[in-house]
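Engineer: Listed below are the residues making up each chain.
Protein chains: 2
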Amino acid sequence: MIALFDSGYGGLTVLKPILKLLPEYDYMYLGDSGRAPYGNHSTENIKMFSEQAVEYLFSKGVKLIIFACNTASSTSLRHVQEKYLKGKDEQDRKILGVLIPAAEKAIEVTKNKRIGVVGTKATINSKVYETEINKLDKDIKVYGKACPLLVPLIEEGWQNKPESHSILKKYLRDIKNNNVDTLILGCTHYPLMLKNFKRILGKKIRIIESGEVTAQSLKTYLGRHPEIEGKLSKKGKKEFLTTDDPARFKEFTEKYLGMKIKMPEKISL
Amino acid sequence: MIALFDSGYGGLTVLKPILKLLPEYDYMYLGDSGRAPYGNHSTENIKMFSEQAVEYLFSKGVKLIIFACNTASSTSLRHVQEKYLKGKDEQDRKILGVLIPAAEKAIEVTKNKRIGVVGTKATINSKVYETEINKLDKDIKVYGKACPLLVPLIEEGWQNKPESHSILKKYLRDIKNNNVDTLILGCTHYPLMLKNFKRILGKKIRIIESGEVTAQSLKTYLGRHPEIEGKLSKKGKKEFLTTDDPARFKEFTEKYLGMKIKMPEKISL
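Here the protein sequences come in this chain order: Z and L. When you line the first sequence up against our numbering, it's residues 1 to 269, in that order. When you line the second sequence up against our numbering, it's residues 1 to 269, in that order.
Note that these hints are calculated values from the structure, not bench results. All clues stand as given, with none of them false.
Pairs count within a copy or across copies, as identical chains cannot be separated in the list.
The list that follows gives simulated cross-link-like pairs (lysine-lysine, BS3-like), each with its CA atoms no further than 30 angstroms apart: (1) Lys262 <-> Lys121; (2) Lys20 <-> Lys255; (3) Lys20 <-> Lys94; (4) Lys203 <-> Lys145; (5) Lys138 <-> Lys113; (6) Lys266 <-> Lys127; (7) Lys63 <-> Lys235; (8) Lys255 <-> Lys127; (9) Lys138 <-> Lys203; (10) Lys170 <-> Lys121; (11) Lys260 <-> Lys121; (12) Lys250 <-> Lys170; (13) Lys234 <-> Lys63; (14) Lys47 <-> Lys266; (15) Lys250 <-> Lys127; (16) Lys266 <-> Lys145; (17) Lys237 <-> Lys60; (18) Lys234 <-> Lys219; (19) Lys47 <-> Lys231; (20) Lys204 <-> Lys20.
Predicted, not measured: the structure shown is a model, and the values here were computed from it.
So here's chain Z without its partners, still in its complex pose (with noise of 0.2 angstroms):
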């Protein structure tokens, strides 16, 4: 089984480019609602939130591991793939993150080496995209810009709001007067207000989102790894877990995937 792991309802826009990619295989979706933002949150407890869903999901016999979240992947993924994916009896698991993808998307369509990030606080502050873009290219200049509203605002449903556009211009322009040739887009929440995006930046900037590139990333993989595609189960079931109200997960799950689901199980971590 595949497993997808985020703070909430973000890592669905990680999903649905994958289900549509790749719907074969069996899904694990895991949203910890009950801790959610962790954008705001301390490294060290993000580091611990992402242990305890790691561990919970290799319990249950999952053997590779999506971190469909950017302020788990920037903050805590390198720990957990160490932590974890070191002894012998854990040579078949796998731990994948969103921010290689992105950024090599990034550095294949920018012209002018110039590249823009937004993200939550912990992500832009870990400043890891910059750190794996100039691993690939040293003379790209990355530019990061915190926004740490826009997930509250998609969370209630204003994204289509004026408030929202007009808190996301104030968030963009540092961004434009940067004079950046791409943005990537650092959390899987911010394709919900793809729109606002693209009126605000115009038609010259262009935008780079974590799910499509992660689902074409994962495609690869499993190309290239047939001794851990072969131990995937593909049933095309899906499976939700939330440490929140299953409920409430059920309903905007099934209205962002556009499909039925059945009662997410409520878990702790």
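Since chain Z is already given, all that's left is putting chain L on it; use the hints.
Structural biologist: Just chain L now, with coordinates in the frame of chain Z:
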């Protein structure tokens, strides 16, 4: 020692008037910022968080706890009072909330018997203000309105920006249409936007803040209960505990209270 418990920073608007009115006592302030904001969480989760906080504070020898958080008060106060104050060993312990003082004040103030309440989703959905007010006067109409974006806006320091004003104006439309003459700020964060509330509501609607009425009510309570008052330590000490980054907590608290504090202790609940 008297302890104040809040989901994060909001309870500081209760601590401030208490320190002004009753500076002689020792205080402990516990802000569960690591899991804030509570307002969008399920009742079940908030109850669990409240139990953990109460158990922690009693284990530290605290005798009197004030739930300086409307969300915790409205969903969990009765529950923790029933769970932790029934035994023989527990007769010298007390847990107080911020709801009753505000409800009593509003009843005293209203002339047309129409009272509005604003708060988080959890507080408004609990209908606890309505219940408490109607226990005392069943002819009073209570109109509740959840304002879930205010806490994130305030935590980001956006309280004076035009977008926040505009969002608040939308939230208060129903309240104004219901022709109330009194409004309870049913969230301890909201006094940080008091000017905006006043500008939108005008002079005809009287605004009730939890902090000041709770401080008054605590003073009255201690005067009436010398058996508890006599056991409280009186050295004017202040201790701060947080479940998230202590340095950030220190900075915010010092700025709001206008005084230096020693580094908060980071704890796990």
